[in-house]
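Engineer: Protein chains in written order, with the numbering used here: chain A, 18 to 349; chain B, 614 to 866; chain C, 414 to 560.
There may be inaccurate statements among the hints.
Derived SDA-like pairs: lysine to any residue, alpha-carbon spacing no greater than 20 angstroms straight-line [what the hints assert, rightly or not]:
id : chain 1 : residue 1 : chain 2 : residue 2
1  : C       : Lys-524   : B       : Lys-723
2  : B       : Lys-642   : A       : Lys-82
3  : C       : Lys-524   : A       : Arg-149
4  : C       : Lys-524   : A       : Thr-114
5  : C       : Lys-524   : A       : Glu-334
6  : B       : Lys-692   : A       : Asp-328
7  : C       : Lys-524   : A       : Asp-113
8  : C       : Lys-524   : B       : Met-629
9  : A       : Lys-82    : A       : Thr-114
10 : B       : Lys-836   : A       : Tyr-293
11 : C       : Lys-524   : A       : Ala-139
12 : A       : Lys-162   : C       : Ile-540
13 : A       : Lys-162   : C       : Glu-514
14 : A       : Lys-122   : A       : Ser-156
15 : B       : Lys-642   : A       : Ser-264
16 : A       : Lys-22    : C       : Lys-524
17 : B       : Lys-836   : A       : Met-245
18 : B       : Lys-642   : A       : Ser-227
19 : A       : Lys-332   : B       : Ser-699
20 : B       : Lys-749   : B       : Pro-817
21 : A       : Lys-122   : C       : Thr-492
22 : B       : Lys-642   : A       : Ala-120
23 : C       : Lys-560   : C       : Phe-547
24 : A       : Lys-162   : C       : Thr-492
25 : A       : Lys-332   : B       : Asp-757
26 : A       : Lys-341   : B       : Lys-749
27 : B       : Lys-642   : A       : Lys-332
28 : B       : Lys-723   : B       : Arg-794
29 : A       : Lys-332   : B       : Leu-684
30 : B       : Lys-799   : B       : Lys-749
31 : B       : Lys-642   : A       : Gly-313
Computed beta-carbon distance windows for the label pairs [claimed, not checked]:
id : chain 1 : residue 1 : chain 2 : residue 2 : range
32 : A       : Lys-22    : B       : Thr-853   : 49 to 59 angstroms
33 : A       : Gly-203   : C       : Lys-524   : 22 to 32 angstroms
34 : B       : Pro-788   : A       : Lys-339   : 31 to 41 angstroms
I should point out that these hints are in silico values taken from the structure, not numbers from a laboratory.
Keep in mind it's a predicted model, so treat the numbers as computed, not measured.
All residues carry an ideal CB built from backbone N, CA and C; glycine is no exception.
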Amino acid sequence: MEVLKAGLFTSIQDLGRTGYQKYGVIVSGVMDAFSLRIANLLVGNPEPEAVMEITMVGPHLKVKKNTMIAITGADLSPMIAGERVPMWRPVYITQDTILQFGACKIGCRTYLAVAGGYNIKAVMGSKSTYLRAGIGGFSGRALSKGDVLQVLPVKDQQRPFIKKLQKNNQTKNFVSSLWYVPEPLGLASSNNIVIRVTRGNEFSLFDAASQKNFFEKSFQITTQSDRMGYRLSGDALTLENPTEMLSEAVTFGTIQIPPDGQPIILLADCQTTGGYPKIAQVARVDLTILAQSKPGQLIHFSEISLQEAEDLYIKREIYLQKIKRTIALYVN
Amino acid sequence: MIFSEDRCINESITMMPLGETGITVSFGKTIAQDIHRQVKAFANYLEQHPFLGMVEYITSFCSVTVYYDPLQVRSIAHKQTGGSGSLSYQIVAGILQEMFAMVNLNVENKTNLVRIPVCYGGEFGQDLEYVAAYHKLSVQNVIDIHTSGRYLVYMIGFAPGFPYVGGMSPQIATPRRSSPRLSIPKGSVGIAGTQTGVYPIETPGGWQLIGRTPLALFQPDSKIPSLLQAGDIIEFYSITYEEYQAYEKGGCS
Amino acid sequence: MFTIEELKELIGILDKSSLERLELEQEGTKLILVKGVVLKNQEAPLLESCQTSPEIVNEKLEQESEIDLHKILSPVVGTFYMAAEPGAKPFVTIGQKVLPETVVGVVEVMKLFNEVEAQVEGEVVEILAKDGDFIEYGQPLFLIQTK
Numbered sequence: 018m019e020v021l022k023a024g025l026f027t028s029i030q031d032l033g034r035t036g037y038q039k040y041g042v043i044v045s046g047v048m049d050a051f052s053l054r055i056a057n058l059l060v061g062n063p064e065p066e067a068v069m070e071i072t073m074v075g076p077h078l079k080v081k082k083n084t085m086i087a088i089t090g091a092d093l094s095p096m097i098a099g100e101r102v103p104m105w106r107p108v109y110i111t112q113d114t115i116l117q118f119g120a121c122k123i124g125c126r127t128y129l130a131v132a133g134g135y136n137i138k139a140v141m142g143s144k145s146t147y148l149r150a151g152i153g154g155f156s157g158r159a160l161s162k163g164d165v166l167q168v169l170p171v172k173d174q175q176r177p178f179i180k181k182l183q184k185n186n187q188t189k190n191f192v193s194s195l196w197y198v199p200e201p202l203g204l205a206s207s208n209n210i211v212i213r214v215t216r217g218n219e220f221s222l223f224d225a226a227s228q229k230n231f232f233e234k235s236f237q238i239t240t241q242s243d244r245m246g247y248r249l250s251g252d253a254l255t256l257e258n259p260t261e262m263l264s265e266a267v268t269f270g271t272i273q274i275p276p277d278g279q280p281i282i283l284l285a286d287c288q289t290t291g292g293y294p295k296i297a298q299v300a301r302v303d304l305t306i307l308a309q310s311k312p313g314q315l316i317h318f319s320e321i322s323l324q325e326a327e328d329l330y331i332k333r334e335i336y337l338q339k340i341k342r343t344i345a346l347y348v349n
Numbered sequence: 614m615i616f617s618e619d620r621c622i623n624e625s626i627t628m629m630p631l632g633e634t635g636i637t638v639s640f641g642k643t644i645a646q647d648i649h650r651q652v653k654a655f656a657n658y659l660e661q662h663p664f665l666g667m668v669e670y671i672t673s674f675c676s677v678t679v680y681y682d683p684l685q686v687r688s689i690a691h692k693q694t695g696g697s698g699s700l701s702y703q704i705v706a707g708i709l710q711e712m713f714a715m716v717n718l719n720v721e722n723k724t725n726l727v728r729i730p731v732c733y734g735g736e737f738g739q740d741l742e743y744v745a746a747y748h749k750l751s752v753q754n755v756i757d758i759h760t761s762g763r764y765l766v767y768m769i770g771f772a773p774g775f776p777y778v779g780g781m782s783p784q785i786a787t788p789r790r791s792s793p794r795l796s797i798p799k800g801s802v803g804i805a806g807t808q809t810g811v812y813p814i815e816t817p818g819g820w821q822l823i824g825r826t827p828l829a830l831f832q833p834d835s836k837i838p839s840l841l842q843a844g845d846i847i848e849f850y851s852i853t854y855e856e857y858q859a860y861e862k863g864g865c866s
Numbered sequence: 414m415f416t417i418e419e420l421k422e423l424i425g426i427l428d429k430s431s432l433e434r435l436e437l438e439q440e441g442t443k444l445i446l447v448k449g450v451v452l453k454n455q456e457a458p459l460l461e462s463c464q465t466s467p468e469i470v471n472e473k474l475e476q477e478s479e480i481d482l483h484k485i486l487s488p489v490v491g492t493f494y495m496a497a498e499p500g501a502k503p504f505v506t507i508g509q510k511v512l513p514e515t516v517v518g519v520v521e522v523m524k525l526f527n528e529v530e531a532q533v534e535g536e537v538v539e540i541l542a543k544d545g546d547f548i549e550y551g552q553p554l555f556l557i558q559t560k
């Protein structure tokens, strides 16, 4: 695959680099793990395989060899020769075809999985791009014009399905399956989003007004946001007594309150430890909603219990297992 | 919150969730060698005896945070106990509780001494003169004080391979720069307040830079990608500019 | 399109007011009336000189509606900048000719910069957003006059 236009920010990410946080190595990985896993299931890849994470304005890519792909996440109007490429299903593309993405109206990030996976060297067990350290992914950076990505050969069990799809392709430069995963993200075009959270370790250290405001007021995502974290603006949240905190572990979804009282939601590229009070933790399933939100949108936090958060997590895992089994029926 | 008591010292640990996939075991609230020793002992035990469903752990000044997969934890517990539908947080807390009861937290950990060569001042240590003037010391005084310390690595965080270090002499403790630099070269040795440390990768930062080391603190292609680990003791020693160049050319670490 | 009666009324209003300039937009037609335009060597009263303007203005508008005005919309939400860096020369100025690939501005979001291209060939007639403005997705940024 050749990058003709890079788009706003396109990088290679998988489910993250685990096992090395004790050495200060961040997890990184995709912002929307749900969309990544479905994309991989659709092309018959192992779930954690690396994909292209496309942000807000998509790339123009030249597919140089016959390839089967799947596109999930936000709708960035994927097109081939002026025709819309359907999302959430496997698509077979013939060689020398240009796949182009536009800009997104709803959502923020799109995922492009390729059958066989991208030929990217794993660093510390992961193909994710660690931008700050300049390692992993495609040369440790976002993709730029002229980059060429190799695709690994597909596994034997993937071949029969690809052949089936290929047979349906008469004259067009792409063909998609008739079946698809119904878009599970439920992205609304509304400017207001609700994020479910559990209370953080330092929630009780905040004064009564702040505790109340955290759940009652809305916070806007500022443009000073990126894969490391979303900086929000809204009513300042203050501690009952100013406290110097020692650095402790933080993770994707931790909501910190720095001295200026404006919340920061830590995301995929966050550091392994932090020294600001943690007011709440985003429920893992809602990291998907966060990954698909953009600067300008308003966030309203809703409290749930740890039990509810865990139940939601398990429910999603069960859904993914169901999808996997269903796809297997169509593919085999 | 779950409390437990150490048999010997009669201290308690507290456990708190970090979302539904993490649990933080806290041994205290201050930077202290005995708290650090307990943290290290517990972490070592986890390293040797990971439980099923555990993803990884990380240590900080006073706590150990364990990350786990709720689905795995619940399914394994389900198989073992016939399924009581327990919250995976509670299951993990229970496992860690048992470990805590078994671990000897007062064992003296074998410490690893790491000597770090530093070329002080000049282009490598642009703030060395400022630090000296701030304390009304000579530049050589500052170097002597910095190199005479034995520094305990409490934890690795902030950046890959970056050590949070204790034991720096207050004689050279200097506040951060009022305006941080946009980019600090890899290997820079600095002071910020009572902390000293080395930048393992190029990042923006507000530390007072006093020198640079040719050692690579972050080694992404090694099995253990960090030169330093929590519990190591660091000593800095001064090298000349020529020795620095030779070190870099020789490529030894 | 404004009728002669409407124009006469507008001129009357403008004349009686202390305003010097009146700009109106109605369904794609823009009308600009300027008071006190001094025609060389003429001492004609204001009203008369203004009376000559409506015909001229209308004619101009007719001409303009034959020419296409293309709006360049922002491809992302973010902060709009006219130049690559603060203090640098702006990408384009009013009157400048552009080609489809000409970069006319930049929108910054999440510390990433998105170059906005003209997408058409023509001349920049208006800049619709200010340097540093927060822009919504699809918000018009420039008006380009195409042939």
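Engineer: Does each hint hold? Answer for all of them.
Structural biologist: Now for the hints, and whether the structure bears them out:
no., hint, in the structure
1, C:Lys-524 <-> B:Lys-723, "violated, 45 angstroms"
2, B:Lys-642 <-> A:Lys-82, "violated, 58 angstroms"
3, C:Lys-524 <-> A:Arg-149, "holds, 14 angstroms"
4, C:Lys-524 <-> A:Thr-114, "violated, 32 angstroms"
5, C:Lys-524 <-> A:Glu-334, "violated, 33 angstroms"
6, B:Lys-692 <-> A:Asp-328, "holds, 18 angstroms"
7, C:Lys-524 <-> A:Asp-113, "violated, 33 angstroms"
8, C:Lys-524 <-> B:Met-629, "violated, 34 angstroms"
9, A:Lys-82 <-> A:Thr-114, "holds, 9 angstroms"
10, B:Lys-836 <-> A:Tyr-293, "violated, 31 angstroms"
11, C:Lys-524 <-> A:Ala-139, "violated, 27 angstroms"
12, A:Lys-162 <-> C:Ile-540, "violated, 29 angstroms"
13, A:Lys-162 <-> C:Glu-514, "holds, 15 angstroms"
14, A:Lys-122 <-> A:Ser-156, "violated, 30 angstroms"
15, B:Lys-642 <-> A:Ser-264, "holds, 11 angstroms"
16, A:Lys-22 <-> C:Lys-524, "holds, 19 angstroms"
17, B:Lys-836 <-> A:Met-245, "violated, 26 angstroms"
18, B:Lys-642 <-> A:Ser-227, "violated, 24 angstroms"
19, A:Lys-332 <-> B:Ser-699, "holds, 15 angstroms"
20, B:Lys-749 <-> B:Pro-817, "violated, 28 angstroms"
21, A:Lys-122 <-> C:Thr-492, "holds, 17 angstroms"
22, B:Lys-642 <-> A:Ala-120, "violated, 48 angstroms"
23, C:Lys-560 <-> C:Phe-547, "violated, 31 angstroms"
24, A:Lys-162 <-> C:Thr-492, "violated, 24 angstroms"
25, A:Lys-332 <-> B:Asp-757, "violated, 60 angstroms"
26, A:Lys-341 <-> B:Lys-749, "violated, 69 angstroms"
27, B:Lys-642 <-> A:Lys-332, "violated, 37 angstroms"
28, B:Lys-723 <-> B:Arg-794, "violated, 38 angstroms"
29, A:Lys-332 <-> B:Leu-684, "holds, 10 angstroms"
30, B:Lys-799 <-> B:Lys-749, "violated, 29 angstroms"
31, B:Lys-642 <-> A:Gly-313, "violated, 38 angstroms"
32, A:Lys-22 <-> B:Thr-853: 49 to 59 angstroms, "holds, 50 angstroms"
33, A:Gly-203 <-> C:Lys-524: 22 to 32 angstroms, "holds, 28 angstroms"
34, B:Pro-788 <-> A:Lys-339: 31 to 41 angstroms, "violated, 57 angstroms"
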